[in-house]
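Here is what each chain is made of, one letter per residue.
Number of protein chains: 4
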Amino acid sequence: MYISETRIRTRYAETDQMGYVYYGNYAQYFEVGRVEAMRNLGMSYRDLEGSGILLPVVSFNINFLKPALYDENLSIITKISTKPTVRLIFDYETYNEQDELLNTASTTLVFVNKIKNKPCPPPKEFMELFKPYF
Amino acid sequence: MYISETRIRTRYAETDQMGYVYYGNYAQYFEVGRVEAMRNLGMSYRDLEGSGILLPVVSFNINFLKPALYDENLSIITKISTKPTVRLIFDYETYNEQDELLNTASTTLVFVNKIKNKPCPPPKEFMELFKPYF
Amino acid sequence: MYISETRIRTRYAETDQMGYVYYGNYAQYFEVGRVEAMRNLGMSYRDLEGSGILLPVVSFNINFLKPALYDENLSIITKISTKPTVRLIFDYETYNEQDELLNTASTTLVFVNKIKNKPCPPPKEFMELFKPYF
Amino acid sequence: MYISETRIRTRYAETDQMGYVYYGNYAQYFEVGRVEAMRNLGMSYRDLEGSGILLPVVSFNINFLKPALYDENLSIITKISTKPTVRLIFDYETYNEQDELLNTASTTLVFVNKIKNKPCPPPKEFMELFKPYF
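Protein chains in written order, with this note's numbering: chain V, 682 to 815; chain L, 682 to 815; chain C, 682 to 815; chain H, 682 to 815.
By construction, these hints were calculated from the structure, which means they are not laboratory data. Do not rely on the hints blindly, as some may be mistaken.
Where chains are identical, the list cannot tell them apart; a pair therefore holds if satisfied intra-copy or between any two copies.
As a list, the in silico DSBU-like pairs of lysine-lysine whose alpha-carbon atoms are at most 35 angstroms apart [to be verified]:
no., residue 1, residue 2
1, K747, K760
2, K760, K799
3, K747, K799
4, K799, K812
5, K764, K747
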């Protein structure tokens, strides 16, 4: 299992008139979570895309326990629990500054060859980085 | 069962550098879908909130089949299949102009008394509107 | 002068915890305003981009008089007052349902040849559409 | 004059299909810039709002020189050049990792008493913090 933590401070723009972070904004937070998880592992998502591989999200689910509020410095815990195949699964937990669990979530992404526009196996260098973890 | 259709034209702001509508933006489209579904039924979400009842989302899941592109006039099909209790469940289907199914999704919302900050049953007038459907 | 009106209903996602539409969201509303203005004139921005011409924004300014609120059906008035050259200038006015002026704004866009990545004159067909107005 | 620097990494969500950060997203970056500028000075915007004072934006303008791209670690320079009155003016400059100036911008905000819903002078503690700078 590979685990990474990212801090994200909530923006005023991201709140809604309930005073909560809008439920749709967590998709962005988890994007940041998984991009930083990959960077910490040694793989830049920007470079991956530059090499002709896209990683679109094919499913996303989230369960909300408590809302995040304005100007909170959230902790996004990002986990890869299963060895990547053509599919790459990330699980997430969001905690506020009081270390309360706000929500749990999961996304499934698929490696896609940009030119062929078809699913493909992950690049070898990417799989190498996972060796210590699986 | 209650079904409603809403049209949403995708904005340039909502695309990403893959040329797709960013996966996180559908949460907004489904917000529009359910608010218009409620309005068509005879209930304004704005008025509901004005009467002291909030409807936060407690879970959201989405499965992506195909991406939406820029300037597409999407059709969001919003369904309420089960009689509302303290929980209100919406199912969604997104179609593009070629009538291709792009994704399916579901959100669960909870009626919350704003002052008590606690879950509560749906207002009577809201339940009245559902009588023809359940 | 060419004038076009577009209606935009404000989304919950677009409000902030002041209960106002977040100041940064009007850039999207004006994008919709100018794209619909061009469509009404007979030119699809999607097609324009498909033909190899981009129209990035090079300046944007906005003055706020009153905030827009949730679920308001705004009227965006979009004007082209000067004949397009390599630059295309749009002026905007936003009105709420009570016909109160909420803000005034302006954007300057530049025609850019996608391949050469350089400013270019507007396409002839586009200039033709303006003939009745200037 | 008071100057502060904030780093913001651009998100995939913030790009558009031109491969640029969408022009409307800078409003959020400047919100982060001024909130961090105020925090560095010793004033939390969250606390300010908690004390009953709002700071809505009354005007915003931006001139774009070059676009920001995905995953760039931008530098937002935020300046307060004039002593705050009922109006608080922030100027901004955005630089990319190659230290190229991407855009310059300015926002004017007004101190508003939340209960009276009227403009008001800035709090004394806030003005105290500015003493070394003006």
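Identical-chain pair category, K747 with K799, by Cα at 35 angstroms: Close across copies (12 angstroms), not inside one copy (39 angstroms); limit 35 angstroms.
Between K764 and K747, at a C-alpha cutoff of 35 angstroms, which is it: within one copy, between copies, both, or neither? both (31 angstroms within a copy, 25 angstroms between copies)
Given identical chains, is K760 near K799, meaning Cα to Cα at most 35 angstroms, within a copy, between copies, both, or neither? both (26 angstroms within a copy, 32 angstroms between copies)
Is the C-alpha distance from K747 to K760 at most 35 angstroms within one copy, between copies, in both cases, or in neither? both (21 angstroms within a copy, 26 angstroms between copies)
My question is about K799 and K812: at a cut-off of 35 angstroms on alpha-carbon distance, are they close within one copy, between copies, both, or neither? For K799 and K812, only the intra-copy Cα distance (26 angstroms) is at most 35 angstroms; the inter-copy one is 46 angstroms.
Violation of the numbered hints given earlier is absent; every hint is satisfied by the structure.
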